[in-house]
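Enquirer: This is what each chain is made of:
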Amino acid sequence: MSDVSPLLQSAYWIVLAPVIAASAIILSYLLGIKINRTVAMGLSVGAVAYGFIHSILIFLVLRDNATPYVTNIDWFVVSNFKLAVGLLVDNLAAVMLIVVTTVSLLVQIYTHGYMREDPGYSRFYAYLSLFTASMLGLVVSTNLFQMYIFWELVGVCSYFLIGFWWYKPSAAYACLKAFVVNRVGDFGFLVGILFLLLATFGFWQAHNDQGILMFMDPSGHGVDLSGAIQWGMQHGTLTTTFLGIGALTLISILIFMGPMAKSAQVPLHVWLPDAMEGPTPISALIHAATMVAAGVYMVARAYPIWLNWTDPLHPTVVGAEGLTVVAWIGGITAFIAATIALTQFDIKRTLAWSTVSQLGYMFVGLGVGAFTGGIFHLFNHAFFKAMLFLCSGVVIHGLHGEQDMRNMGGLRKPMFWTSLCFLIGTLSISGFPGLSGFFSKDEIIVGAWDFKGYGHEILGWLMIFTAGLTAFYMFRMYLMTFCGEYRGQAHPHKDSAWSPLTTPLLVLAVPSILSGYLGCNLDVLKSFSLNPNAFSQFIHFGQHAHVEEPNHMVMLISIAVSLSGMVLAFLVYMTKALPINTWLTNAAICKPFYNLFYNKWCFDYIYEDIFLKKILLPVYTGIWNLIDMLIIDNIVNLNRTLALVAAEVLKHTENGRGQYYAMVIFACVAGITLYVWLYVR
Amino acid sequence: MGTSDILTSLLLIPFIGSIIIGLLPNKAARPLALIASGMLIVVSAYLWSNFSLDVHGMQFVQKINWINYPIPISYHVGIDGMSLCLVALTAFVTLMAVLASEKVGENRSKFYYSLVLLLTTSILGVFVSLDLVQFFVLYELELVPMYFLIAIWGGPRRDYAAMKFLLYTFLGGIFMLAGILYLYFQLNAAGVLPATFDMVELAKQAPNLTPAVQALACLGFMLAFIIKLPSFPFHTWLPDAHVEAPTPISMILAALLLKMGSYGLVRICMGFFPDVIVTYGAWIIALGCFNIVWAAIACLVQTDMKRIIAFSSVSHMGFILVGIGSLSALALNGAVFQMISHGIISAALFFLVGTVYDRVHTRNLVEIGGGLAKQMPYIFYFWMLAALANLGLPALSGFVAEALVFYGAFTSPMASVLQHPMFVRGCLAFAALGVILTAGYMLWLLKRLFYGPEQAKWAGHLTDMTLNEKVIASALSVLIIFLGIYPLWLSKKYTSLTDNMCQNIVSKNKIGMR
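Residue numbers (the numbering used here), protein chains in the order written: chain A, 1 to 681; chain B, 682 to 1195.
All the pointers check out, no bait thrown in.
Here are the simulated SDA-like cross-link-like pairs (lysine to any residue), alpha carbons at most 20 Å apart as the crow flies: (1) Lys1128(B) to Gly120(A); (2) Lys1138(B) to Pro1058(B); (3) Lys613(A) to Leu981(B); (4) Lys34(A) to Lys1055(B); (5) Lys413(A) to Tyr573(A).
Simulated coverage check for chain A against chain B, where a stretch passes if three residues somewhere in it have a Cβ under 8 Å from a Cβ of chain B: (6) 65-76; (7) 79-93; (8) 144-152; (9) 156-164; (10) 612-624.
Cβ pair distances, simulated, as ranges: (11) Tyr121(A) to Ser1155(B): 21 to 27 Å; (12) Cys668(A) to Tyr863(B): 15 to 21 Å; (13) Ile610(A) to Ile1166(B): 37 to 43 Å; (14) Val510(A) to Ile1166(B): 38 to 44 Å.
Keep in mind the hints are simulated off the structure, nothing from the lab. Note that the structure is a prediction, hence the values are computed from the model and not measured. Positions of the beta carbon are idealized from the N, C-alpha and C atoms, including for glycine.
With the hints as constraints, model all of the structure from the sequences given.
Expert: Structure representation (structure tokens):
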């Protein structure tokens, strides 16, 4: 342990620095000290910049095959139970640290330009710092309990930030919805953790010095989730079935409810598009690096829970029911969200639906066993999606708050740099060959193609088809916003390459183009003396790197589908060769589908108008009135009636004659004394 | 004055203070009350720092025999870790309540402050009493000041609320008296030892009684304490009392009076009759879980903000029942933590309800209609913190208690020996629904108070927090955050007590994990 790099040991400062920055800003506000806006920004940006540099250094240390660093302190102790919190830095955490700090740093610089005129400027920086710190804390968590803590903190920071403009009714509603929907997921997460703990409790008790639900054991004795599940399978606590479903599968599905809410998977995805009510920098941060990535990261971190443990010594991806659920939830989400994105007109909401869809891809990756591919897509997506959101922010800012794409168009001229970045992002997310999104999406599609679980015939095709939809709606966005004639009223601002608004875009454009080559599995790279598969050698599940063989057939099909999506979008929105809008409104076959997509598959309607307003609240109110008012108060009132009757009888005994009272008192005392004398002594 | 007199002086400070205030003019009342509650803080700080973690059993004990025949009654005080925490909480909340009484106390000053200090005396007395009769007398004494505090300084329906409070609690008192007498005479009849009201002795003797006798005696105490707690179906007095009580009295009511019930449950029901808890633990857990969800549902359909907070107290008291019923060291620890944590959070919430009510003069959320954040940003931020603490956000104290209770109760040794272990876990999973409901009603409350566009009717004539209010809210908030981040600071005082309690019961009944 002595040769552990001090860089790893001091990694907790990455989390603490933004906390300190936020506390300083909040305290100065509470104490009434007016601090300069620049100081607030400097504190916040400085803290995350420090985190960024430290994360890069950690990455460099770990790349040279340093052993991962784990340390724990006791947070709560009783005789037979220990809840620990700690610090875990391994390859997976290092990559996430870089993603979070990079995106957060650039978003915070961008915020300076975007929120300059907002009265809540300093407060916004405090929240941003807290948000970043919560996410970083989640990344370095050593156990599921600690992860739950930061999981909730991430959720509450998103609540602050989505509701940042509290005077907007839509924002007030959106932040409430975001938190409550997330809590639905947390409910499953909590119950899942509890059942998992119950089934493996004997194991953790036997190793009481560590703590519970650890992800990784520093001493190498296997006191971690894998060891616990192995123990549970061998001792029969995890092999029981409930309604024909294995205990572990059930637990894994319950725990997966957490990521379903946090990473916006069907059916708990409804909060994410509404979260667009927050200021745009927050949308970028939530969608790229902090909030939604948490779910994917958690599944990757606690991966053993989802595996197939039929042979306790050799857990496999094949035949894992939990993973199949993950894959299918991801696949369905990717498809549904893509269809919805086809029909939306709000620039930010369309991007939000595209995030939901891409998160679906990541879960498909994890679910089909393409562990590296899933994380790799998270990594690439963070950069280009942050960039796309920041681009949309520049557009909205430049058009004085206009978000409807029908009132845009032709913005390529006034906003050249922004349109350039947006085009790069669009190409990347559409899987255009050579850009980062292509490589990671390809790994996932190949993984889905080779998938052996339930419904394996369809999943690969579904993913390829969705890739086509992605290309279509992204180009639809690009063409509607930046090409053609300007259709709006407001006078658009010009952008420039060197402003706090546009510089972060240009910086993010670099990884959006290049980050894919880190994980490129084509041997072509070798001819440029680069190392292919660098990413999969750094991030993998299990002892050895699992390198996906490039499947050229699948690759060609998915390229063809993506390109045809792009071409179709070009024909519809640029040359207007295909009058798609008239088809949609006239053709009887298309119209129901269009309405279904446009109304977001009616999830909101079912949840709010039917479930909440027609069923839940009336039932609550009914039961409540019935029991609390009718029965309980009536019992009380019945008692009152009895008391009144008793009083009627007793009042004749209370006749005001002193001797009579004295006699009663005497009789009582005598009675008690007699009783005591007879029985008690 | 030796260390054995320290608890007596703790009781005498508010008692003498209340008499002196009654004798001096109105003007002197508030400063004197502040001095008295400040002295309480000093004494409890002394107790806190001189409390030894190595001693098992009671500390700072003082015992003076009062009556020997026919029944042995003595003045007997002493504290262990759990009482220590509650005494400290009482001193702290009393100071906060006195500080918050700036407006209420202007009306009939000396009577008001005198009653508040009398109330404090009786609460402190309950937490330090080691004689069962003394415990009972002080437990009942609290009714008198509380009745008048609600009936004189309360809202429009104060007479009804005060009477309802009095009747319910008095009913509980009768059950407890019955329990005390039954226990005493049964011990006498068993004739093993000369019977006593010494609570330390009783904790050793009572478990030797036959199960049926124990169950009946426990029932009396149990009814008294769950009325006070309060728990379904005896909870309806609480919302009424809270709604009518003035702000500082609501703070004391929620933070301290309810804790007398939970303290009694741990000290007496669990301490004297562990076998009863072993037998009926599953039902206590079920009751607690039902409380958590039921009261949370009740919160969703209310429109009066004070009623919402009152029902949320009922919901959070459910965790204490679960902690007690589970017989798990962790969950019991969480139950005690919940007493302190809920004491601080509910005091903060009721205080903040008061600050809003003082300004808008209504508690009806429909009438308020939102948008207050514009005029009172400080109140908004403190509200947000207290609301988040109430819904169990990590890093704030409410989460610690909830997490400990859930983790502890789920892995409790209890659940595995019952005929239906999955019944208990099913109840707990059901109670976890409270996680969603609590978030729903607390944030909905925040939304209906503060979010949304500014209302024209409030423009210009609402003020933000005064310095006095800021001090109170900050003090409460700092504690909420501190306990949430570093819970061991509090729990190390009483962990050995709760550990031992559960250990003894579990080993005696040979309960083990499967």
